[in-house]
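Engineer: As a plain string of letters, each chain reads:
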Amino acid sequence: MSDILAQLGAFWADLPLIVRIIAGILVIVVPLLIGMALLTYFERKVMAAMQLRQGPNLVGPFGLLQPFADGLKLLSKETVVPVQANAGVFFAAPMLTFLLALVAWAVIPFGEGLVLADINVGVLYLFAISSLGVYGIIMAGWASNSKYAFLGGLRAAAQMVSYEVSIGLVIITVLLCVGSLNLSKIVEAQKTVWFFIPLFPMFIIFFISALAETNRAPFDLPEGESELSGGFNVEYSSMTFALFFLGEYINMILMSAMTVILFLGGWLPPLDIAPLNWIPGPLWFIAKITFVLFCFIWVRATLPRYRYDQLMRLGWKVFLPFSLIWVVLTSGVLVYFDLLP
Amino acid sequence: MTLTTIAFYAFAIVLLASAVRVITAKNPVHSVLFLILAFFNAAGLFVLIGAEFVAMILVIVYVGAVAVLFLFVVMMLDINFQELRQGFMQYMPVGLVVGAILAVELVFLAVTQLAGGPVGGQANNAPIPPVDQVTNTEAIGQILYTDYVYAFQVSGLILLVAMIGAIVLTLRSRPGVRRQQIGQQLDRKRAEVVQVRKVPTRGGV
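Line by line, the protein sequences are chains X and P.
The numbering of the first sequence is full-length UniProt numbering, which starts it at 1 and goes up by one.
The numbering of the second sequence is full-length UniProt numbering, which starts it at 1 and goes up by one.
Quick caveat, the hints were computed from the structure, so don't treat them as lab data.
It is possible that some hints are incorrect.
To be verified - Calculated from the model, a selection of chain P residues having no Cβ within reach of chain X, i.e. all distances over 12 Å:
hint, residue
1, H30
2, L96
3, V97
4, V154
5, A166
6, R174
7, R179
Claimed, not checked - Ranges between beta-carbon positions, derived for each pair:
hint, chain 1, residue 1, chain 2, residue 2, range
8, P, V73, X, V81, 25 to 33 Å
9, P, E138, X, L99, 28 to 36 Å
10, X, P280, P, M163, 47 to 55 Å
From the three backbone atoms N, C-alpha and C, an ideal C-beta is built for every residue, glycine too.
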């Protein structure tokens, strides 16, 4: 067994760099897209169970093929472009959303050494990419030339900029405890204790901000079907809509992965003891992501949508001062007890 | 040509082309979008010279925050660009003078740098730590928060003053605005707001 693995490793190292990079990208992107499809199924099933319904159960065994049927349906529909729309920006917006959602995965460590690009500033890269996500929405809102889409785009811009501030402060708190911007080092720093225990309030803030950052319920005001009839994507149909949809769900998985890496110990098992550390790291990573995604869906099935001023108040008047105090408190504690890494 | 050279030329060409489009685009929203593209390519150039921290901060601060607000404002404005263009010839001499001064300064800087003279005064004479020993995040932190901490704090204070100034200028108290009092809402007791009454049939409340 180890012989075969060694041979495989040697074969892998012999391949030219470009082939290895493309293979690495495919190994990440293909499971990600399948995972995204399964996430929509998972969401519908979980919400159905919470609301005493059946959920999709006709296409394939247990309705498992439903997301693929939905995708096929979207592909076969006609793409409608509004006459007054700004065509270039109109088509660039969904592509940008989808692209940014995928690009961020380059730095996510799935296990020890299992990362496509192990860069020094991994956290900043993730933060940068997630802050770019707003452009897809705001461009879509503007280019559609429709008042509902425009209102949705404006809401998205204000909302995502507001919650990025608190996400940034939460990341700073974690970085204070790690002393490195590298994602693998952040996970390894949690070998003794996962950060959600000492930094529990920040974990909660990060989770709620992640909901707002991905425009998920109860902060899905940019979509807001009851008042904006679909928000920024109201003019989109067929494949362009599908790209927004894919982007939103992949971003959800990405924010869950970020939560897992920053607070739930990444690929590490809960305790480093016999039956638990037999399970390979990537499986732990996926299991934890699934748990966070379940919480995303749980929140959506439970809570009503926020009003816009309440959303802004929560971001600027509650989260910002609170996380700022926690940054000062954490650094104070670390300096006082001489724990700075 | 190595991969780095190809990447450099790709970033540089897109950067210059989008910078030109920023000032030539008819639609102001397109201008802002090209500006964002230019920022992005500048970040790519920073990555190529090994300054990955500056590159990420450029994307986070300028692209992720400043340009979003910029785009936000430009989208809301109803500007007639034909009208704005009418004053173009009138302001051109001033613009050319300013541009010429900046260009001359840039040339001076490049010439002194090429001649090996000190450009930034003392900061440039300080020993540069080798790249393999200290990451550029640490190096920037060392300079900002240790070597030049007072200058850094003063610039922070100036920004704070500017921020407070902007708030003071725009703040006006409007009478008669109803606001949600969350504390008051949460303090409500059942006895204060719910009343159970026996309503006689056909009697009404």
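Engineer: Hint by hint, note whether the structure agrees.
Structural biologist: Status of the hints after comparison with the structure:
1. H30: violated, 8 Å
2. L96: P/L96 clear of chain X: closest Cβ-Cβ about 32 Å, beyond 12 Å.
3. V97: holds, 36 Å
4. V154: Holds, because the least Cβ-Cβ distance between P/V154 and chain X comes to about 21 Å, which exceeds 12 Å.
5. A166: holds, 15 Å
6. R174: holds, 15 Å
7. R179: violated, 9 Å
8. P/V73 with X/V81: 25 to 33 Å: Hint holds: Cβ distance 27 Å, inside 25 to 33 Å.
9. P/E138 with X/L99: 28 to 36 Å: holds, 32 Å
10. X/P280 with P/M163: 47 to 55 Å: holds, 50 Å
Going down the numbered hints, you'll see the structure goes against 1 and 7, while the others check out.
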